[in-house]
Amino acid sequence: MTRKVVSMRYSALEILKQGLRGNLHWPRMWRTPELKPGYDVVIVGGGGHGLATAHYLAQLHGVTNVAVLEKGWIGGGNVGRNTTMIRSNYLLPGNQPFYEMSLKLWEGLEQDLNYNAMVSQRGILNLCHSDAQRDGFIRRGNAMLLSGAGAEFWEPERIRSFLPMIDFDNARFPIRGGLWQPRAGTVRHDAVAWGFARAADGAGVDIIQNCEVTGFTTEAGRCTGVETTRGPVRADKVAICVAGSSSRVMAKAGLQLPITSHALQACVTEGLKPFLPCIVTFGAGHFYVCQSDKGGLVFGGDIDGYASYAQRGGLATIEDVCEGGMAVMPAIGRARILRTWGGLVDMSMDGSPFIDRTEIPGLYFNGGWCYGGFKATPGSGFAYAHLLATDESLPEASAFRLDRFATGAVIDEKGMGAQSNLH
Amino acid sequence: MSGYRLDAGGQIDRNAKLSFRWDGKSLSGFEGDTLASALLANGQSLVARSFKYHRPRGIMTAGSEEPNALVTLGEGAATTPNTKATVVPLRDGLVAHSQNWRGSLKWDLMSLNDVLSPVLSAGFYYKTFMWPKSFWERLYEPAIRASAGLGALSGSVDPDSYANGFKHADLLVIGAGPAGLMAALTAGRAGLRVIVADEDTRLGGRLNAETLEIAGAPGHQWATEAAAELAALPNVTVMPQSTVFGVYDGGQYGILERGTAQVRATFWRVRARHAVLASGATERPIAFPGNDRPGVMMAGAVRTYLNRFAVATGQQVALFGNNDSLARTARDLRAAGVDVVVELDSRAGASVIGTNGRQGLRQIMTGDGTWREADCLAISGGWSPNVHLMCHHRGRPVWREDIAAFVPGPDLPPGMLCAGAVTGAGSLSAALREGAAAAVKVAEAHGTTARTEVPQAEDEPTAIAAFWHVSGAKGRAFVDFQHDVTTKDIIQAKTEGFEAVEHLKRYTTLGMATDQGKSSNVLGLALMAEARGVPIADAGTTIFRPPYTPVPIGAFAGPHRGPQFRPVRRTPSEPWAKEQGAVFIEAGQWMRAQYFPRAGEQSWQETVAREVTTTRSSVGVCDVSTLGKIEVQGRDAAAYLNFVYCNGFAKLAVGRTRYGLMLREDGFAYDDGTCARLSEHHYIVTTTTAKAGEVYRHMEFVRQCLCPEMDVHLISTTDGWAQYSVAGPQSRSLLSRLIDEDISDTAYPYMACGAVTVCGTAGRLFRISFSGELAYEVAVPARYGDALIRALMAEAQSFDGTAYGTEALGVMRVEKGHPAGAELNGQTTAADLGLGRMVSSKKDSIGAVASRRPALLAEDRAQLVGLVPEDKSKSLRAGAHLLATDAAAEMGQDQGWISSAVHSPTLGHDIALAFLKGGANRAGDRIRAWDGLRGRDILVDVVSPHFYDPEGARLRT
Amino acid sequence: MLIDHPLLGPRDASEFTIKGEARLLDRPNPAASDAAETFHSYLHLRENPAGLVRELWFHDEGDRSWLVVTRNTLTHEIVAVELARDVAARLRGAEV
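Chains as they are written, first to last, in our numbering: chain A, 1 to 423; chain B, 1 to 957; chain C, 1 to 96.
Since the hints were made in silico from the structure, they are not lab data.
Treat each hint with caution, since some may be false.
Claimed, not checked - From chain C, some residues computed to sit far from chain B (all C-beta separations above 12 Å):
#1 LEU8
#2 GLU47
#3 PRO49
#4 GLY51
#5 LEU52
#6 THR75
#7 ALA80
Claimed, not checked - Within a straight-line C-alpha distance of at most 25 Å, the following computed DSS-like cross-link-like pairs (lysine-lysine) qualify:
#8 LYS414(A) - LYS578(B)
#9 LYS494(B) - LYS71(A)
#10 LYS17(A) - LYS127(B)
#11 LYS273(A) - LYS106(B)
#12 LYS127(B) - LYS104(A)
#13 LYS494(B) - LYS17(A)
Cβ coordinates follow ideal geometry from the N, Cα and C atoms, glycine included.
Start from the sequences, fold in the hints, and give me the full structure.
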């Protein structure tokens, strides 16, 4: 049973009309429906990936008898606490076509959702500091070209003229060049969740907040639904999409994952007038940075290294990240950090994610996005919806298998091996 | 011009006049002023523009919670934007500017936004700027970015220095108001190691701002005496101008100390078993139309300026509030001779429903609709305890209806106690009692007894009745002043479904400004609760995150910037190499000689070619001390090494060396090097330079965690030995002159090793070769490294030998087909590297089982090959991908990549090592090296990766 | 975090490098017929609990001991610290 909910079309004219009425008559962006006894698909997790999955299930596959169950408030996980960057600058054939597909979806997102998530293709520059690193970037840049993602290699002179705030004269690790992807960019992260939620809700998907999944129901070895804090729900297919809680949720189904959860910290400064025109990553330390539309420098580095569900990190990491920042860009010394926060990232054993069936029929798993889940949001939803609707993997996501460690077909971009905190 | 300096009073030094510049104007103040108090004393009412609507704003508070008065300090490279004028100690020569306007502060062109505010309500940008698509990035977004942001960075290198350090204490007292001072005194007198930190320049907190008395004397006088007593106690460290900004694991606290003599700021990491949170409370505003006009101030701030700085914030001051502090404000103002025009107490039904005045307050409209003249309106909506630090471990504050405030809940960070206004204790005497009581508890936990000596103080009235906003009045009422979030925005957010507190924050940006919502969060929450018709306690609360107040990036980095970003490791031959004019290059933390140019050489390529040719024809010397060296000793050393390496080590004879390959436990190749057996139970393992530390850690893991029963011990001696490669046909002749022992081929065959006497010093000699020539590596204790390189090179002269650097080293290893970092990249297997036969199937070793996974054995894996250009004049470069000659340049056609490419002076053309799908069986194939990134696409022929002397005859001469 | 090193006393966690869950001490029998599966599980599958976990930490900037640290992943509280060598020896029923 599908139910089409008429949703207002947003436009400048509508803003004017509503503004003149005191902005008190805007419709809700999504409903607060009652949980039904059963659905075709129950998506567990109302984050960016789960909401995107619901949207694409409805839009592309006509599957609208769908519930998205969210433990807290939608968009409260990764999509609400990332560093807003999108890119498709991967190396390996298992990854690069997927992220490029995702980037293409970002490019059409506003029109698709009638929601401005402020996709801003400002470009990303990965700085390199040694001949070996440069050779690696060129290999990667060529892989990007082969997948149609676009890439350029910039010599130091070009970087110096484009980014005069970078330290060329006094650096411990001189800059030997940079890999530039012009189509990379930033997005207003929270709005992605809201935009997908509004679109999915408009197509009839039930978004249920404050509804935690407490267990799975199985019949004859098949997953037939979930138990929740609001009672049991039947489902033909149960789709797990709970970054940061993957191991905890899958343990309820008796499955162990090649995943460890870690704290990843990020920082934002006070608002500043336009300073940095693109995303920059430092190649001789842990530091990457962009500037938000509001003017804050948004930056981060590496995970804290130890398993954690505490959603906070330590000072040593912040210090390390700021050292990296001052090493590459000493003009930011007087910018003040307004907030630091720690998110949970599910680090897989090769640094790459999963979108796959599980060994339990009817139960599907999407997770292990490490610190790269945000940029994957539309692609992940698109690929997961395809898998749920057709029971076939989308070609671009076909390497994201759960059995790849058993077979050895790992997707190890960094070549660090089976240790989750090294990716 | 409304504010003015009183003729007497205040804790300022009227004998120390300070001049400063504000927007180019020269003004003056006194020692003890803040920039804010001095601006107010000079009648500066308008000081800033708001973030979104660019509305005129004045100074609203007297502390770090200030949402409005953000200014830019300093000039040139030392420009600091977004500084709260309320926390800047005034100093002579200070230069400050207003910010975030176009035109001037008074006439800001961007205030057009204010006129458009009906269409710029919460989240408007999510609903527009979508058509036409291309306009977003070209037009709309640049415009948004230009108007957003606050102040500007200079763009120049931060010229100041920062420090960081560690401190330890039994007790950290956070905040030096009455509760904090009492806690510090009580614990300090009991002998505990105490640190007391306060963000202000003066200890005392509200005691400096109020006319309350302690033991019959003014409160600020008691604070001064307390500060003096604490400073005199050897076990107490007093840290003024120091903000405890975060609580971390294991009793660690982050402190930012501002403005010591030598550095701009110091970042301290403090360990304390206990902390007393005495962070006080922040007064919050009331939402009513026009409540953001310059001249509308917090009542507590009005008292601060009056009592501490002797500044009247207006000539006609009106009061509006919901609590007993109004009476105190009126009393203090009248005592100073300031006209109090009206006292509006919401508990008696009074209110303010409008304000007037273009760039500063001129009139207020009271609830009965009458306009009253006033140039300052002091407001008080009650106090929000500064619970931030208790939330840093995810503790939740709890709502107390009687004081209409969130107070710390039971779930505090380990070791933390709370005292004073932060607990909701309203009165001075309660604050003192709580401070002492907390210290007594801490002393008990440390096994001592503290005596409670609380001085007499008043229990001033603190009654309050919650009152959040004036309803029914027309006009915009601000909640978050910096981000221009109004009561209407909150209602709109609720209407659109953003009811969860975090949704409210994110949708409206409430509390996301530089004040982190210190004054606005609770008000916003109360309004949402009212709109939803639920109690505040049920509407939730937001989590506060570090830092409590913003911290400069430079302070976190401290001295680790520029060349000091990371330590530099130097090789033993560096002084000598520098004398020779060697060019150095970073290799991880090491600096290594890259090549040794000689007079007349036109390019580095020419130099490198000469170094290679000389080495291959005569002799060359290279510093290889950076290779990792791990000594392995013990009765089970052989068994241990046999387990660590994938190839066999059980039968290596004493005095012999073997090439070894380590796998990771997941079966991929890890690191390679040599292993020399010096005696029955003594081996030396070498690792690559890059992985020296990592491999040592891995070997310790295997030893301690997987082989605990073995008698084997490891020590890293990388820095202990200077080691030189002496390579080339004349290497034996050269070394024979320096080494006492017989090193003839018979006595010292290929792969021999042992102890030797080098120039009279005990050293080691390994007959191993990376270059493919007859070669040795000779090692002496690092302190003799400089002497040895000089001795080696003196002897090399007679052979017309050369020193060579990392470039020539790299060329010769590619010519020989030895894998290095680009090949051992963690993604390749032993078989991929052509070393598959090394993985012994006769024994268990690390990685053996997982190396047999099907995908690691697949025939079409990319495998190591050699490449030469079809046209020998063309150059090869690493990073190119390999395609069939007729294939399209797309991912599906990708067959591999070039990992290393060099010009071989030996062969006279470029050569490359590459990984090619199924490459092990593809010698003779012609393919393309496609480098779209650099616009190159050339034909190459697949050959063996062993370009030079594949039989290894030269090694054994 | 402070790690109470059994030999050296309390040490800041930043002196250490962490490897992962302590099940890595229990290397499977390579000769067993199901070695492929047991090694896969040993190498890759993790309990990843929200609560107490036993992890391997290496004292890089110290005495180079591997430690087994029992730690709460929700609070970061450390409840036990042992020398990994002792734990491994117990696991193997051997005396060190």
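* Which earlier hints can't be squared with this structure? -> Numbers 6 and 8 - these are the hints that the structure violates, sorted from lowest upward.
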